[in-house]
Structure formats: structure tokens, C-alpha cells
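Trainee: As given, the protein sequences belong to chains Z and V, one line each in that order.
Its first residue numbered 1, the first sequence is counted upward by one per residue in our numbering.
Its first residue numbered 1, the second sequence is counted upward by one per residue in our numbering.
None of these hints come from the bench; they were simulated from the model.
Hints are supplied without guarantee of correctness; some may be wrong.
[As the list claims (entries may be wrong)] Some, not all, of what chain V presents toward chain Z, calculated at C-beta under 8 Å: (1) Arg49; (2) Pro83; (3) Leu89; (4) Ala92; (5) Glu252.
Quick reminder that beta carbons are idealized off the backbone N, C-alpha and C, glycines included.
The lines below spell out each chain.
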Amino acid sequence: MATNVLPRPVQRLIDEFARLPGIGPKSAARLTFYLLRAADDQAFDLSDALRELKERTRFCSVCFNITEEDPCLVCEDLGRDRTLLCVVEEPLDVVAIERSRAYHGLYHVLHGAISPVEGVGPEDLRIAELVERVQKGNFKEIILATNPTLEGESTALYLQRRLAGLNIRLTRLARGLPVGGDLEYTDEITLGRALEGRQEFKE
Amino acid sequence: MPRERTFRTEAIVLRRTDFGEADRLLTLFSREYGKIRAIAKGARKPQSRKTGHVELFMRSRFLLAQGRDMDIITQAEMIQAYPALREDLVRATYASYAVELLDRFTVEEDPHGGMYKLLAEGLGWLETADDLLLAARYYELHLLALAGFQPQLFRCIGCDEAIQEQDQFFSTELGGILCPKCQDKDRSAKPISAVAVKVLRYLQTRPWETVAVLRLKRPLHHELETLMHHYLTHILERNLKSVDFLHRLRREAALFAPKDES
Chain Z
1 MATNVLPRPV
11 QRLIDEFARL
21 PGIGPKSAAR
31 LTFYLLRAAD
41 DQAFDLSDAL
51 RELKERTRFC
61 SVCFNITEED
71 PCLVCEDLGR
81 DRTLLCVVEE
91 PLDVVAIERS
101 RAYHGLYHVL
111 HGAISPVEGV
121 GPEDLRIAEL
131 VERVQKGNFK
141 EIILATNPTL
151 EGESTALYLQ
161 RRLAGLNIRL
171 TRLARGLPVG
181 GDLEYTDEIT
191 LGRALEGRQE
201 FKE
Chain V
1 MPRERTFRTE
11 AIVLRRTDFG
21 EADRLLTLFS
31 REYGKIRAIA
41 KGARKPQSRK
51 TGHVELFMRS
61 RFLLAQGRDM
71 DIITQAEMIQ
81 AYPALREDLV
91 RATYASYAVE
101 LLDRFTVEED
111 PHGGMYKLLA
121 EGLGWLETAD
131 DLLLAARYYE
141 LHLLALAGFQ
151 PQLFRCIGCD
161 EAIQEQDQFF
171 STELGGILCP
181 KCQDKDRSAK
191 PISAVAVKVL
201 RYLQTRPWET
211 VAVLRLKRPL
221 HHELETLMHH
231 YLTHILERNL
241 KSVDFLHRLR
251 REAALFAPKD
261 ES
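Only chain Z is shown next, with the shape it has when bound in the complex (with noise of 0.2 Å):
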């Protein structure tokens, strides 16, 4: 067998890259002799990152969005609509949604969907403390805005049955046409809903 050469701190640091998502051995030793050579800043700001990261952030106690501060900015935001919900799977969509700027009401991240074929069912997710954020709000629409997948699809179904007797609007991200799409390749499914929620042309 051959002796590992490799100080024991550089190999440590190669195997803690290569549990990464995406990242082989090679990535893993790559990466490690980059910082290795690197200036000290730099690698110390990458530990410094790393230990905020973990030590820093939370899920806010409202919307269970990502956050230093608990509750979150937008939840503690005076300045947004109130009565409005945003339901999204994940973190990342909320950034989605507010890159849009189309959005000024709160969300609610589950951190999911409800999925059959993975075994994921509504329990596993922030469904309960949305039932219960629902109930003691006075919110006047919520938007479903889980993923236009059958697993969003599931999730949004389930949600639309589980708080159908609260007597709030329940509203649905529009499907249509992507910007830059094109006609021929779109699936009939996209193509129906399109149609179905097309739109009188505004003066």
C-alpha cells in the first residue's frame, strides 16, 4: 500500500470538499492546494464564512425563511402588504419572487414539497405552523406558489384542501409562456393553461 504523503490538515480538508455536493477527489485535492497557495486572507474569510453560516442563521419563527435576525426582515417589514401570503417551497424562491419586484406581501417557505414517489408527506414539512399562522392571521389571499411540478402540484392541492374553510382567497402562480420561448416546443399542458389565462391586451 501506498503511504499517504499528504500532511494529515491537507488531506483533512480535501475529504471535508469531497463531501460536497458536486465535488469529487479531484475537485476536492484542487481546491485545497488553490488555498493552500492562496493568501491567508483569503482562506481565513472562507473559515469565517463557514462558522457564520452555521452560527449566524436560523429559520426565522414566522415564515421559516432563512435569517440572522429572528423574526426576519420581511416578516418585521411595516412597509409590506400584510394580508397577503406567499406559499414557496424553498428559500431560494423567495429570492426568486423578490427579484421580481412584483411582490410586497410575506411569505411562508416549507422547506419542500409533498412528494409520493421520494415518501415526503405534509408532516415532514412547515404545514402545520402555516395551518396555524392562517388561522390566527387575518390575511386576505394566499398565493400557492410551489413549483409547477407534480410534487408543487401535490403540495399546493393538499394545501388548497387544508385550509379551504378559512374563507381566504386561495390564488395560484399563473403557467404560460416563458419570456425568450418559444410556441412549438411548449408542452400542451403549459399551452392550455396559456390559453385558458390569457389576457385582454391592456391600453
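Model the placement of chain V on the given structure of chain Z, informed by the hints.
Mentor: Here is chain V on its own, set in the frame of chain Z:
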């Protein structure tokens, strides 16, 4: 079957997982080549020409290119989307079950035209069936037959005598019915009612259209479901995720919407 560098096939999407930045890794069950894994590049981008054609349970026409490790999907065009499965959580769960079951019974690159046809039709039955339990039993029995595990329901597997119309025993070990005289040949054999035997035989031999109009009482459904799941777990030597999910869904349904679940 040897494949060309690029090849065309009709297939149903069994599973899909996110892969890399914007790709999806699909497990397809194809009519011509059996189960294959293929990568749909960029399928998670909304502008992708493939996105809507490679969603779970869709039956699509694919053009694939042979890659080094995995085939790459170059074109996809949906044939049948089974929309009703996407609008009903219970139907979606049964569809997951149908797909998971087929996935467990097949190995990669082993073509089976009969199973392809069964799955393509089966997803259609699950879209429209009034009684999903019945559709599930029908699908299971026919999948078992195609996979080589058809339970013997007409003759006693102990003594080969024709089965009489009376309560019998079902042996998961031997894969069929033991008459009361032979029940000792498998001590773990479970009792099965005469009417359950009758229904199973009917499902095994009749086309779905004839079966679909049957109306079974709840206790009978319960007996059949328990028996089939017992047999299937025995053969597969593992529990199915979608079955656990179905049970959870039923418990929930009992809590929140008592009249909703069949």
C-alpha cells in the same frame, strides 16, 4: 438490443432527480429498450424546450444520444400527459405506486413491451377509475404475471386439485392458493375468503373495461389490499415508499376530511 449512437424511443418518466446546475436525471421506461437512465440538459430552466415534456409520469417520444456514462436527451415530445393524475393527490399517489412497483420489478436495459403497455394503460386507468383500489389490484396482478410471479389461483399449489368455492389459504412463499387440506404445506399461509379468490381470478382473466364496473365492499377491499401487499413485499423483500405515503394520506384524510378518501 444494441443501440445506434442516436436513437429514438417512446418512454414513460419513472423518476427524476435534479442534477448539476440546471439538468435533470431521468429514469425512463422505454417501449423498445426497457428501463434506461438519461440526462435532460437544462430541463430546469423555464426556457428549456424539454421541461414540459419530461415531467414525472409523462409518456413522450424521445430522441436520445448515447453518452459516455449516460444517454443524453436531445429532443422530447409529449404524447400523453395524464393530466388527471396531476390534479388529485390520491390519484398521484396511486400513479407513484404503479411506477415504483414497475421500477422495482425491472432491471436496466431489459426491454419488456408488455410491461410498457401495462404501465401506459395503467396510468390511464388511474386517471379515470372510480375505484382506485380496484385499479391498483388489477395493475398489481397483471404486473406480477408479466414479471413471472403470477399467483396460482385456479389450482391448489399443494395438490394440484381444482380450487373449490370455499375459504382457502394463500401462501406468499409458494405463490398461490393452498386448499384447506394442504394448508400445512406452508404454515405461514394466510386465510383468504372464497369471495376474495373469486375477485382475484376475475381480475386476472378479464379486461380492465369489464373489471372497472365491479363494486366491492370495504372489508373485501381491505382483505385484498392486505393480501396483495403482503405478497408483493415478500417478493420484493422491501417496503414501498408510495404505500407508506398512501397510509399516511389515509390517516390524514380521516383527520381532516372524513368523507374524502375511498
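Trainee: Which constraints among the numbered hints does this structure fail? Numbers only, ascending.
Mentor: Those not satisfied: there are none.
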